[in-house]
Amino acid sequence: MPTEITLRLQINGEQVRRIIPANRSLLDFIREDLRLTGSKHGCDVGDCGACTVLVDGAPQLACITLAAECEGAAIRTIEGVTDGGGLHPIQEALHRHVGAQCGYCTPGIVMAMTSLLEADPHPSDSAINEALGSNICRCTGYTKILAAVREVARPGSPS
Amino acid sequence: MIVFPRSASEAAAAAGIVRAGGTDLQERLHKGITKGDLRDLRDVVGMSGVGPGPAGLRVGARTTVAQLAVDPSIVRDHPAVALAAGGLATPQIRAMGTVGGNLSQHVRCAYYRDPHVTCLRRGGSACLSRAGDHMFASVFDLGPCVAPHPSTLATALLTSGALIELAGADALVPLDQWLGDGTSLTSGGDDLIVAVHLPSTSPGQVGAYVRTIARARAEWPVVEVAVRARVVDGVVVEIEAAMGGVAPVPIPLPGVADALRGRPVDPAALAPAAGLATAGANPLPGSAWKVGMIPGTVLDALERALLPGGAA
Ligand SMILES: Cc1cc2nc3c(=O)[nH]c(=O)nc-3n(C[C@H](O)[C@H](O)[C@H](O)COP(=O)(O)OP(=O)(O)OC[C@H]3O[C@@H](n4cnc5c(N)ncnc54)[C@H](O)[C@@H]3O)c2cc1C
Ligand code: SF4
Ligand code: FES
Ligand code: FES
Numbered sequence: 000m001p002t003e004i005t006l007r008l009q010i011n012g013e014q015v016r017r018i019i020p021a022n023r024s025l026l027d028f029i030r031e032d033l034r035l036t037g038s039k040h041g042c043d044v045g046d047c048g049a050c051t052v053l054v055d056g057a058p059q060l061a062c063i064t065l066a067a068e069c070e071g072a073a074i075r076t077i078e079g080v081t082d083g084g085g086l087h088p089i090q091e092a093l094h095r096h097v098g099a100q101c102g103y104c105t106p107g108i109v110m111a112m113t114s115l116l117e118a119d120p121h122p123s124d125s126a127i128n129e130a131l132g133s134n135i136c137r138c139t140g141y142t143k144i145l146a147a148v149r150e151v152a153r154p155g156s157p158s
Numbered sequence: 000m001i002v003f004p005r006s007a008s009e010a011a012a013a014a015g016i017v018r019a020g021g022t023d024l025q026e027r028l029h030k031g032i033t034k035g036d037l038r039d040l041r042d043v044v045g046m047s048g049v050g051p052g053p054a055g056l057r058v059g060a061r062t063t064v065a066q067l068a069v070d071p072s073i074v075r076d077h078p079a080v081a082l083a084a085g086g087l088a089t090p091q092i093r094a095m096g097t098v099g100g101n102l103s104q105h106v107r108c109a110y111y112r113d114p115h116v117t118c119l120r121r122g123g124s125a126c127l128s129r130a131g132d133h134m135f136a137s138v139f140d141l142g143p144c145v146a147p148h149p150s151t152l153a154t155a156l157l158t159s160g161a162l163i164e165l166a167g168a169d170a171l172v173p174l175d176q177w178l179g180d181g182t183s184l185t186s187g188g189d190d191l192i193v194a195v196h197l198p199s200t201s202p203g204q205v206g207a208y209v210r211t212i213a214r215a216r217a218e219w220p221v222v223e224v225a226v227r228a229r230v231v232d233g234v235v236v237e238i239e240a241a242m243g244g245v246a247p248v249p250i251p252l253p254g255v256a257d258a259l260r261g262r263p264v265d266p267a268a269l270a271p272a273a274g275l276a277t278a279g280a281n282p283l284p285g286s287a288w289k290v291g292m293i294p295g296t297v298l299d300a301l302e303r304a305l306l307p308g309g310a311a
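Line by line, the protein sequences give chains A and B. FYI, numbering that gives the first Met the number 0 numbers position 158 of the first sequence as 157, with every residue one higher than the one before it. FYI, numbering that gives the first Met the number 0 numbers position 70 of the second sequence as 69, with every residue one higher than the one before it.
Please keep in mind that the hints were generated in silico from the structure rather than gathered at the bench. From a predicted model like this one, the values you see are computed outputs, not experimental measurements. One thing to keep in mind: the hints can contain errors.
[To be verified] To give an idea of the chain A side of the interface with chain B (calculated C-beta under 8 Å), a few residues:
hint, residue
1, I4
2, S24
3, H40
4, D43
5, V44
6, G45
7, G48
8, L60
9, I63
10, L65
11, A67
12, E68
13, G71
14, H87
15, E129
16, G132
[Claimed, not checked] Computed list of chain A residues with no C-beta within reach of chain B, every gap over 10 Å:
hint, residue
17, Q14
18, V15
19, R16
20, A57
21, E78
22, G85
23, E91
24, Q100
25, H121
26, D124
27, A130
28, K143
29, R149
[Said to hold, decoys possible] Stretch-level coverage of chain B by chain A, calculated; a stretch enters the list once three of its residues show a Cβ under 8 Å from a Cβ in chain A:
hint, stretch
30, 12-24
31, 89-100
32, 166-176
Built from N, CA and C at the ideal position, the CB exists for glycine as well.
Take the sequences, apply the hints, and build the full model.
See the structure below:
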């Protein structure tokens, strides 16, 4: 049995404290211990980005992040992407453009794009491509996702 | 158990598996193919960042791949290293992955990472890839294991003559010596890497890093090539090249470099030089197709490094 540790961190604005195995991944901590199942297990090896959450504002692959390393960090998951539980502009745009098909990649993409747009509300196409570069979508071919992100990044301009 | 040592010497003395960015290790822990206590380098002071060192530049082992890609002194003095760092894996992996971890990461062979089988490298009796699926395996069959060396940084750092600073060792170890001849079945070294040193270079360095890859991002290269050069008055005065993804250890390409060094840059000479990179290839039946990918990848890298405006 791996040794257990006490982990304290903030999740979607709420302080939590749990005793967990020292080698637990952040994704398992979020999904199994906190029961926040919006962040997805895609590949579990860092390939696909379905597990992307924000750690102190920066997108991070939760499947290959050690929960123990996040002591004291502020984590945001798809469940906390907006304060009141409504949809984030990027979620609304994805919905309008049908940028989600099976939807498995969507939480990770929303988190990566949220971080991008919070750092720079009007990112260039190359900044959008770079920020999407860790997220694999097997359904959409990205066209509709890019249209949605561009619409939020540059309202009014053709996407 | 997990410990967070605060200095390199404390880290070297501590027990447990070294953890840096965790981008390779966490997957292996999760699958149960790697087990044990952890010593996490997160809080170690003085192990991050690029600064002056006895040989030229000193890159702390915990420097992230993303930091290396944009560091102004690396971009100026070792452009191939910066390009390789900026071109590997995905933005999020580059933000988490570290220089020490990149060099020491374990092979990506699917059999190695499958908890249900035990191949030679994990203590079993046979290389399962050799007899089974080896489509992406080595084409220079140097040892019992045919998994290509996974480190892009090692390939690029070879062209800069990098040296490894190990905890507790007095002398720096040349990277090629640290990498060995490809026959070892242990991944990484036994000792903690504290830093990587890059010898000073003359002004006017040019470099290129090119990977042949099945999709634009988030994929391992089939072949990857780094070239470092310096051209003065149209003459190639310095050139080194190295290739990864094709052997259990990244391999220098002295034949390619020798064919071009000391001569005026001649676009027509680049393809014949690139063709020399396949010399000695002894692929497996399933990996033979990769040999055909080598000359074009090397040529692309040579063109980007040596021709004005990059690839023709
Ligand atoms: C989708 C994807 C694509 C990728 N593509 C590429 C690619 O094209 N090229 C490439 O090079 N890599 C690629 N990678 C791998 C990635 O670059 C490495 O996993 C990463 O660089 C490892 O660094 P880390 O700090 O996360 O290592 P960790 O996971 O923390 O450690 C890896 C290993 O190194 C050991 N270690 C770590 N630091 C030290 C040290 N200072 N001294 C001694 N041992 C140490 C650990 O014990 C462990 O065994 C890819 C990964 C993914 C998920
Ligand atoms: S190539 Fe190496 S890692 Fe893969 S099965 Fe053979 S011995 Fe194991
Ligand atoms: S589940 Fe984390 S990257 Fe795929
Ligand atoms: S919508 Fe299915 S993977 Fe992206």
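| query | Which of the listed hints are broken here? | reply | 3, 13, 14, 20, 27, 32
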